[in-house]
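Model the full structure from these sequences, guided by the hints.
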Amino acid sequence: MTLAERLTRLEEAAAAVRDIGLAGDAQRAAAVVERARTRTGFVADAYVLAFAGGTGVGKSSLLNALAGHTVSTVRAVRPTTETPVAWVAEARRHELAPLLAWLGVEHQAGHAEPDLAAVAVLDLPDVDSVRTEHRALVDELLPRLDALVWVLDPEKYDDERFHAYLRDLAPHHERLRFVLNKADRLTDAQRAEVAADLERRLVGSGIAQPRVHVVSAATGDGVASLRAALAGEANAKALVVAKLETDARQELVRLGELLGVDPDGAYRPLLPDDRRRAAVEASVAGALAVIDPPGVERQVAGAVLARARASGGSLLGRTVALLGWMTGQRRRSADPAGYLRDWRKRGTLGRVVNPVRAAILEAGSSVPADARAAVLRALGADGLEETTTRALDRVARDAAAEFRVRGSVLWGVIGLLQLVAGGVFLASVAWYVTLYLAGGSIPVDTVEVPALGPIPMPLLLLVGSIGVSAVLGFLLALHAGWIGRRLARRLSARVREAVGEAIAASGTAGLDRVEAVRRTIAGGLGGMT
Amino acid sequence: MLTDALRDLALALERRATTAPGPIRAARAERLHRHVAEYLLPRARNASAPLVAVILGSTGSGKSSLFNALAGRRLSPSGVLRPTTRRPVVLAHPDDTGPDLLPGLVARGSVDLVEHPGARRGVVLVDAPDFDSIEVANRALAVELLEAADLAVVVTTATRYADQVPWTVLARARQRGLPLLAVLNRLPPEADDADAVLTDYRHLLERGDLDQSGAFGKLEVVPVTEGMLDAERDALDPAAVAPILAALDRLMADEVARRELARRSLASAVAGLPDAIEEVARELDEEVRAARDLAEAADRAYTERRAALGEELVRGTFLRAEVLRQWQDFVGAGQVARILSQGIGRIAATLRSLVRPGPPAPAAEVREAAFADLVALSLQHADAAARRTATTWAEDRYGAQSLAADPALWGASAGLGSRLEIDLQAWAARIGDEIRAMGERRKGWAQVASIGVNAVGTSALLAVFVHTGGLTGAEVGITAATAVVNQKLLEAIFGEANVRAFVADARAALGALLDAAFADERARYAVGLGGLGEAEDLATILRDAGRRAAEADPA
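Heads up: the protein sequence lines correspond to chains A and B, in order.
Residues in the first sequence are numbered consecutively from 680, following the numbering used here.
Residues in the second sequence are numbered consecutively from 103, following the numbering used here.
Just so you know, these hints were derived from the structure itself, not from any lab.
Mixed in with the good hints, there may be bad ones.
[Claimed, not checked] Chain B is faced by these chain A residues, among others (derived, beta-carbon under 7 Å):
(1) GLY735
(2) VAL756
(3) PRO758
(4) ARG771
(5) HIS773
(6) ALA776
(7) SER808
(8) ASP867
(9) GLN869
(10) GLY1026
(11) GLY1029
(12) ARG1036
(13) ALA1048
[What the hints assert, rightly or not] Here are the simulated distance ranges between beta carbons:
(14) GLU684(A) with ALA242(B): 48 to 58 Å
(15) ARG499(B) with ARG1069(A): 32 to 42 Å
(16) ALA341(B) with ASP1049(A): 29 to 39 Å
(17) THR925(A) with GLU292(B): 36 to 46 Å
(18) GLY1202(A) with ARG499(B): 47 to 57 Å
(19) ALA409(B) with ARG1020(A): 22 to 32 Å
(20) ALA506(B) with ARG947(A): 14 to 24 Å
(21) ALA908(A) with ARG176(B): 34 to 44 Å
(22) ARG1198(A) with ALA506(B): 25 to 35 Å
(23) ARG417(B) with ARG1165(A): 31 to 41 Å
(24) ARG402(B) with ARG1168(A): 40 to 50 Å
(25) GLU785(A) with THR642(B): 51 to 61 Å
(26) HIS748(A) with ARG499(B): 49 to 59 Å
[Stated by the list, open to error] So, partial list: chain A residues that the calculated Cβ filter (under 10 Å) puts toward chain B:
(27) ARG810
(28) ASP837
(29) ARG840
(30) GLY883
(31) PRO1047
For every residue, glycine included, the Cβ atom is placed at its ideal position computed from N, Cα and C.
In structure tokens, the structure reads:
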């Protein structure tokens, strides 16, 4: 992977991290990208190396010794150097100017040393004096430098301040050198002893294979070998790229740590898949207990039956239906849409949100404490009740909107027959009523009562119409029940499915989001190992 | 009395040191505590105790070489490997090693005590470790010695004199008014450079307001040029540090001068107390404020969520429809219907129950399901309260610390569910007992027996959750329907007034149970804060004792 690709990966990771609310960290990562891109825009086959260290260790003296003449003012009064001074090949000054301007280096001296043409040497202000603005300046500059020589002396090589810097510099150890200056103050035996002690300390501070030069700027001891080492830096271009790559990787590692991504290990989701599945299942079960598909099924059956009775009911059936409607019984037991809409009144949201919340907490527990608040928020821990309610509301609304009882032709036919049966019933009743009211004033004998065999026709019609109506009612109930069951099953299956989808989406959307960010980071890291 | 004020102060500081949140604040209090208990108090009691002169300086500045020069013998090894001195070396005349000599440090065994008859009587010399190397233990010891000394010889070098860290240490020396002697070591041999450095150092001392802190008036800097060494004794050349030697010799010879210096050191240290105390007290103020804000945030979250839980309970809508349906089916049929109906209906119901006995009471299932729903509801609110508290706390330094230490504070505690279940079982058991007691007093017992105590108990539980009182017209549904039948059943058995009183009692007990659970959930946050802000009076005690000490007559 090229540096440009790596930077793109980091940029993507920064954007992803910003999306989940870690704005500060995203900004830091974006700054690394920006810095690297700016650096690659400048001269590529030369690198900037700076002399850094405490006040009085001889940074300027060392540069002067390297140059063979005074480049940076040396004084006894501490601290001396206030702004960075650059020592660059005269021939490349023009080429290096934009880079040095970016570094804020104003003072420059040129040289004609061909072996040091690929390196611009900076003398930096101190990092430990009472002039804290010096330290601020160096701290601001350090991340932009390509390589570093940390200058120490026998007095200061164990200072806490120095070792504090090493913690951040350790990843760049390949571009770090350490100079133990003022060797003239030590005997040969002491030099070896102090150098060994320094190396031990450096290893302890995370610098693998530290490169230590024992030098005396005053006597010139060891300066030549330091110079040879700087001149021998094989490939300036590769050094700059390696530096920027290390920056990018370090930043990705940092972002990864923030989200619990192990930079070296295999990718592991924040929440194991089985835990996640279990949480969703429990939440769906809770949601179904509240939404209550069996209850919905009953309502559907009731609604279908009511609808069937409305178009195919007998006189009695219609009267009963009318009564049911008037007393509100129908609304209670035959209104699936209303029943769905009222899901909040039939159970606790706790059964729905608790498993998800527990899963989110479990996922959030594997990120470091500093990032936990933001990650939990990104995981959707905030407003879980509201989002879940909204999701289930939508399910209920959609299902309710979709539900419609289409009438059947059969019901119409039955209705017609019921009407006929009702007419016959009424006619035969009217016959007997008339007979009764007439009270014998009408001589029955005078009218020939139609009869079917021994049974008089009116009686037959009366009984027959009741019987037919009952049979028709039975058939209607049978058919409506069948339709209702089918419709209920369909709606309930639909509701179950929709609830499952809604919970999986609303409950784990945050998890997916965070997981996507983590995968972006891990992907970037994976390409860099 | 000065000693009384100092004793109060020492006690208060000790209390602070053991309860401060975080090692830095604890260390600050402990440092001041030792200063008061191990230096000010002994010195206030005994002005003629030997003077303690401490050599303070950066690593590699030549403290041990100076020590050896002042001691006149090789006692503390100097060396090229940093840091050289890890344990303070104390040189004392045998007559001076009484219990008042560096009481705390000697008792803790943190110093190497060297008794030597050739040492200056009345003046104890201490070679301190550095305060700026990677060895943090060294810094602690050096700082402790600074607090325990009557006099300090500060050593720095031409390389070091503008370093930032030593000046932060000197700032404390100034605050406590410690009399000083100063050595500037390793000056370049070139006279111009040496003068420039010396002048610059004096200028820095002036700027640091230390130029008047000399042991004998103005602070004189003793310059030592690089390489002026006495190799035999592993020391600086005695000639180079002659003014320091002379000062120590004078203090040895002149008891009055020694007492005067000790008195001055004590007086200025006492005068510096209020400032040092203010630093601790201000931290305390800030902690009290922070703790109050955090506690309020937690209280608010839990109170609101407990209220929301209460509302849902009153509404009774938290029970699953399935549970209610099951219960309604049971109550509407069989034995129960017989009890509920009257007259002809009763006979009919009896006949029907003979033919179709109706479903067995789903008492255990319904109770379990109802409890599971109630637990889920409570968990939901406890969890939300925890989440809200944690979100507020994460914004605060101390809150964030508590959360980092105990990530479980982001949600309800893991054991809350099972705790509530146990509590609810106990609550149900009490209700069962009451039902039995109530039934035995009434003729209704036969009916209770016919349905089963368990079923009636479950009915009573449900009556606490769902009741006709809290339901509005819009919510008429399975909940209301169940409530009506359920209540009718209970009233038929026990009488209306009894049921009302009984349900009110049970509801109160349930409320208390939930209150206790929420209070315990809330209390986790108090534990997370440790003792933060608990010592509200401590800042006042500290300030008061400091003021009393500063106003007291040191004599």
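Right, here's what the structure says about each hint:
1. GLY735: holds (3 Å)
2. VAL756: holds (5 Å)
3. PRO758: PRO758(A) check passes; min Cβ-Cβ to chain B is 5 Å, inside 7 Å.
4. ARG771: Result: violated, 34 Å to nearest chain B Cβ.
5. HIS773: Hint on HIS773(A): violated, closest Cβ of chain B at ~37 Å, above 7 Å.
6. ALA776: violated (33 Å)
7. SER808: This interface hint holds because 4 Å falls under the 7 Å limit.
8. ASP867: violated (12 Å)
9. GLN869: holds (5 Å)
10. GLY1026: With a minimum Cβ separation of about 5 Å from chain B (threshold 7 Å), the hint on GLY1026(A) holds.
11. GLY1029: This interface hint holds because 3 Å falls under the 7 Å limit.
12. ARG1036: Constraint on ARG1036(A) satisfied, holds at 5 Å.
13. ALA1048: Constraint on ALA1048(A) satisfied, holds at 3 Å.
14. GLU684(A) with ALA242(B): 48 to 58 Å: Holds, at about 49 Å.
15. ARG499(B) with ARG1069(A): 32 to 42 Å: holds (35 Å)
16. ALA341(B) with ASP1049(A): 29 to 39 Å: violated (58 Å)
17. THR925(A) with GLU292(B): 36 to 46 Å: At roughly 43 Å between Cβ atoms, GLU292(B) and THR925(A) fall inside 36 to 46 Å, so the hint holds.
18. GLY1202(A) with ARG499(B): 47 to 57 Å: violated (35 Å)
19. ALA409(B) with ARG1020(A): 22 to 32 Å: holds (27 Å)
20. ALA506(B) with ARG947(A): 14 to 24 Å: For ALA506(B) and ARG947(A) the Cβ distance comes to about 22 Å; the hint holds.
21. ALA908(A) with ARG176(B): 34 to 44 Å: holds (40 Å)
22. ARG1198(A) with ALA506(B): 25 to 35 Å: Between ARG1198(A) and ALA506(B), where Cβ atoms are some 26 Å apart, the hint holds.
23. ARG417(B) with ARG1165(A): 31 to 41 Å: holds (35 Å)
24. ARG402(B) with ARG1168(A): 40 to 50 Å: For ARG402(B) and ARG1168(A) the Cβ distance comes to about 48 Å; the hint holds.
25. GLU785(A) with THR642(B): 51 to 61 Å: Given range 51 to 61 Å: holds, Cβ gap about 55 Å.
26. HIS748(A) with ARG499(B): 49 to 59 Å: With Cβ atoms ~53 Å apart, the hint holds.
27. ARG810: holds (7 Å)
28. ASP837: Cβ of ASP837(A) sits 4 Å from chain B, so the hint holds.
29. ARG840: With a closest approach of 7 Å, the ARG840(A) hint holds.
30. GLY883: It holds, given that the least Cβ distance between GLY883(A) and chain B is near 9 Å, below 10 Å.
31. PRO1047: holds (8 Å)
Of the numbered hints given earlier, the model fails hints 4, 5, 6, 8, 16, 18; all others are met.
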